[in-house]
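Engineer: Input sequences plus hints: build the corresponding full structure.
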Amino acid sequence: MQTTHVPLDAAAPGSQAQQTSYLWAITLVAAMGGLLFGYDWVVIGGARQFYEAYFQLTSEQLVGWANSSALVGCFLGSLAAGYLGDRFGRRRLLLVSGILFSISSGLTGWASSFSMFILWRIVGGTAIGLSSNISPLYIAEISPASVRGRLVSLNQFAIVVGILLAQIANWQIARPIPEHITRIDFLQTWNVQYGWRWMFCAVVVPAVVFTVMSLFIPESPRWLLTKSRDDEAYKVLKRVGGLPYALSELPAIKKNLQLETGIQTSWKELCVAGMRRVVFIGAALAVLQQWTGINILFNYAAEVYRSAGYGDNDILLNIVITGAINLVFTVLAMLIVDRVGRRPMMLFGCIGIGLSHLLSAMAYHARWHSGAILVLTLSAIACYALTLAPVTWVLISEIFPNRIRSQAVSFAVCALWIASFALTYTFPLINRKLGSSGTFLGYGGICMLGAIFVLAFVPETKGRTLEEIEASVLSSKQ
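Per full-length UniProt numbering, residue 1 is the first one in the sequence shown, and the count goes up by one each step.
These aren't lab readings, by the way, just hints derived from the structure by calculation.
Given the structure is predicted, the values throughout are model-derived calculations rather than measurements.
Here are the computed lysine to any residue pairs in the SDA-like style, where the Cα-Cα straight-line distance is at most 25 Å:
| id | residue 1 | residue 2 |
| --- | --- | --- |
| 1 | LYS462 | ILE336 |
| 2 | LYS235 | LEU215 |
| 3 | LYS254 | SER472 |
| 4 | LYS254 | GLU468 |
| 5 | LYS462 | ALA284 |
| 6 | LYS255 | ASP230 |
| 7 | LYS235 | ARG92 |
| 8 | LYS255 | ASN402 |
| 9 | LYS254 | SER475 |
| 10 | LYS462 | VAL147 |
| 11 | LYS235 | GLY463 |
| 12 | LYS227 | GLU468 |
| 13 | LYS462 | TYR245 |
| 14 | LYS227 | ARG92 |
| 15 | LYS235 | THR20 |
| 16 | LYS462 | MET334 |
| 17 | LYS235 | ASP86 |
| 18 | LYS462 | SER146 |
| 19 | LYS433 | ASN295 |
| 20 | LYS433 | LEU359 |
| 21 | LYS433 | MET362 |
| 22 | LYS462 | LEU335 |
| 23 | LYS255 | ILE469 |
| 24 | LYS462 | ARG277 |
| 25 | LYS255 | TYR83 |
| 26 | LYS227 | LYS255 |
| 27 | LYS254 | ARG239 |
| 28 | LYS433 | HIS365 |
Structural biologist: Structural data, given as structure tokens:
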């Protein structure tokens, strides 16, 4: 096989990358994992009132388990992603996640029993766990520093598009339900018998497209260099950012990897003195993103809006409105993340979401008009979409040193899914005990504590290469 000579000293370090169409194309393919993640994650919010009736789920425990069971798979997928990503590469795991999305979506929709529904939700969650690790990691590793925040945010944009598509699909698939319908008549409606099934199955087509497209993207150049496949890495870097960029970036990455030669990479590496602080920051950011309570507004949207006084037909439209707001502010986040910086956006997000939740608690307690609840809900989602939603993923993909990045991202995302499971499973129980006012008061308090954490611990990474971030993190006080 013909090899390519790589002149490592032909360009000065720091050459600017060209923003090639190839870079954007492969980023969009990788981000499709985020789109499937968003759809599969949120489709349950509109379908739950129908499948709960179909499977006759009446207790808070069963309702919580149905809504959170996918998170077991998310945890398992995240746990495996670090090892598998290092062993087999980023591209192959994206392919596997696409296959799992394709299979699980169809079989969840046509589950014949509650047990089979749970089984295939867990399989779909495993696909989410893999893609939520590998998609942002892959994008971060192929992206030049000058546009990395924007491109990693593209993964969050894809998640938001997937969320909106799920909400629109739920809205369009569901048929109008007469007001004051009896329980027996409700059980016989098309929505209960078939509608929720098509809501899950609708994502099969994009999942198959993602699976096929994953066959045509290159492997991460950083992963290729860890396997001593220098020629392949050089070709990828050249196509991604042009010749000067490849000649500059390749030796910088190789130098960093050479410093790590002989160091065994394992889960134990995350606990050594030089790594504990940054691993703690990454995991805490992941937990914070979930415990802001925003996912409650997606997974339990029907219950949140019903408690505010909305009817069944208005609820699905309100859910679409929340998705549209989510999309608009995610686009805005992509435009400013590489200009404003990570820390200011995270601080603004924590405070903005916290104030929205605290006002929501007041609105529920004082029985304000249902329109006020909708506005405050949209305010919280707008703040989240602009800040914590994309920037948390950007930071998690950036702050870890090369030799532990795959395991550390996996650990952080595992923490995210554990936090998400705790949030999703406990919401019906907490809401029954404390009511909507007390529940949102708690989420608002967590957001304010999160702002203090960001101010004290989170580093700024804007405009710096992954190797520069690593040097800064390792030289900081541990």
